[in-house]
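Number of protein chains: 2
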Amino acid sequence: MLRVISKEDAVQCVLNHTKPSSCGVENVKLLCSQGRVLAADIVSREDVPSFHRSTVDGYAVFAADTFGAGEAMPAELTVVHEIRMGESALFSLRRGTCARIATGGMLPQGADAVIMVEHTQAAGSLCLAYSSVSPGENVTKRGDDVAENTLVLKKGTRIQTPQIGVLASLGYETVPVFRRPVVAVISTGDELTKEAPKPGQVRDVNSALLTAAATEAGCEAFCYGVVIDDRQLIQKAVEACLCRADIVLISGGSSAGTMDMTVDILASLGEVHFHGIAMKPGKPTIFATVNGKPVFGLPGHPLAAFFVFRLIVSPAVRAMLGLPAEQPLQSGTLKVNVPSNHGREEYLCVSVDAGGSVFPLQTKSGIISVLSKADGYICVPRNTEGYASGTTVEVYSL
Amino acid sequence: MLRVISKEDAVQCVLNHTKPSSCGVENVKLLCSQGRVLAADIVSREDVPSFHRSTVDGYAVFAADTFGAGEAMPAELTVVHEIRMGESALFSLRRGTCARIATGGMLPQGADAVIMVEHTQAAGSLCLAYSSVSPGENVTKRGDDVAENTLVLKKGTRIQTPQIGVLASLGYETVPVFRRPVVAVISTGDELTKEAPKPGQVRDVNSALLTAAATEAGCEAFCYGVVIDDRQLIQKAVEACLCRADIVLISGGSSAGTMDMTVDILASLGEVHFHGIAMKPGKPTIFATVNGKPVFGLPGHPLAAFFVFRLIVSPAVRAMLGLPAEQPLQSGTLKVNVPSNHGREEYLCVSVDAGGSVFPLQTKSGIISVLSKADGYICVPRNTEGYASGTTVEVYSL
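Protein chains in written order, with the numbering used here: chain A, 1250 to 1647; chain B, 1250 to 1647.
No wet-lab data here; the hints were simulated from the structure.
Hints may be right or wrong, so weigh each one.
Each pair may be met inside one copy or between any two copies, as identical chains are not told apart.
Stated by the list, open to error - Straight-line Cα separation of at most 27 angstroms, DSS-like style, residue types lysine-lysine; simulated pairs:
#1 K1485 <-> K1403
#2 K1403 <-> K1390
#3 K1584 <-> K1485
#4 K1278 <-> K1404
#5 K1390 <-> K1622
#6 K1443 <-> K1542
#7 K1532 <-> K1278
#8 K1542 <-> K1622
#9 K1443 <-> K1390
#10 K1622 <-> K1529
#11 K1622 <-> K1584
#12 K1584 <-> K1404
#13 K1532 <-> K1404
#14 K1447 <-> K1584
#15 K1529 <-> K1485
Predicted model only: the values in this text are computed from it and were never measured.
Based on the provided sequences and hints, a complete structural model is requested.
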């Protein structure tokens, strides 16, 4: 029997042995930064925009010159200039005059508003303004978008499309990001095959599943491949992976059965911090460090390996990447009773309909196909009566 | 003035001129398929698992042999075999006997249940079973996960980690996926610069923003670069991009102002389907087809270009990728009144707190930095009174 610890203690133990942001920093080109994590606060080095800009096509004016103007009595302004896009409008506008300006154009000194072309009429060198504008109307002032020295993006932000736009607006051509942790994936088990399985054999799912999960989590992941349940071969595999990887995942062979060798190997190479978590699925999970690097022994069953990755490995990855703890995807309302289970925290794949109703999907140990039908998962706490139908639950992303 | 059409009509027009799944199909390695879209239904070619498997460490038994067993009166069974992992257990079990079996092991013929090792005691060649098991208990039957000829994943599914696991379990080493549409991004405007902006100049944000947005949407995107407002140069850029791209995005120069040339160029090269959408931001949007390829003229303002991408371009990309229309991220409750605007559908960046309260973020035309503070956006319909505080609204992903 394993001496199990709670999931919370397991996560805390993993975090205690994980150095935050420990893979270092690299500068990457802005367009290569998608999905990466900012390694520094981004403080604007300039005002954006760097001048007062028109937000419409029209005429730059002294707002006061238009006060009282209306359909019946237009203000008459002399057009003294046409400001072209990109032009430095460094002249000063005088009262009673105006300058034609396009959307995005620079306001000349003195001008404090823009009247839309639709509210004007050209008459020779005059512009007839048929409505009044207030100071600041139709103008983006210098620094209105981002003022110089503003904290714009925080260290630890994941860079997606919006952030790339903001960084481009601030003139960043390269961005400091945390290096991706390198994750090695080893599958163990005499029963695993890459061919069509013969009776007793099963396909190796975990190599692909865990490599994909690590990649999705922001790591650079590689498969070592399948290793049979041989102590020397497994030890060789772990050692080889530790040369290159920051994190090693070994799946299979971590139940308390006869084939259990991983824990002995890890104890001989480094320190085993726990073996066994009060979670379902995922109980026979091992966590060790070897030369300060986290090594996880995951269950061989793919669904269990997947949940252990999401719940136990992922927090370590997020810490190494400088990311905060994951938030639930959404809340929803359970539509059936869910009993609790054996004092172990239980994870259930669920479907969620458009109205937010949550339905647990039937699962059986070893079933992987449920993942293809699920919209997320819920967590049923240990030491409770379970959830009654109608309970609001947090749904997490798979 | 533009003759504007509704956003719904604009999207329908774009879809009418977009050929679904028109970029063809390619086979990629399973681990390279992350984020791609399945181009065929996946039907299992075999039973998973391909034999009756134990879900626990214990003894494979005839369930009937354990009926009535309990702490006080164990059933006595003769251990006739130890089934190793990966072994073809092709022998037949006789009544009154059992076989040691590990989690994941193959049940021999005759055995219909597994009793957990924790409920047994070994006594020489005997196993004492201290509880009864029902037929099927602790067993995953052949085909329980996926039966042969089951539709497992539908064409049009985006492949993420769970799907990769399921495909691996079915033995897929390569996967048929839709080719990524190639998107070319052109920025136009005399005011655009890649250097520190001089007065009147602004940085080119749209090249990076739209390239990132197209990549995130599942395209292969490239920047053509910045082109000044010169009819011949813009035409040359569009023609060059059409040689390589499936979709061309030109931003800037699409307002009705003096610099407006894009619509003329597109009319001369192909057919302009609309110019102007009743949306805010994003009104001066152009849609044309040239040699059957969609070409979009997007506003120069980054925030407007971003919303036009998400609302008008993205449906075309999803159709070409074989994906269904996008669903909202979540629902939330507005915490302030939001007035409607000028008969144009309006898009507002919002923040959403943990309790689902939705707060519109203040925006001004041309402001891009709001994107870095937003959790999503909401849509305020045209021709309404707007939304009252307390209204439940759909929040869409940025």
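task: Taking the numbered hints from earlier one at a time, note which ones the structure violates and give those numbers from smallest to largest.
output: Those not satisfied are hints 1, 3, 6, 7, 8, 12, 13, 14 and 15.
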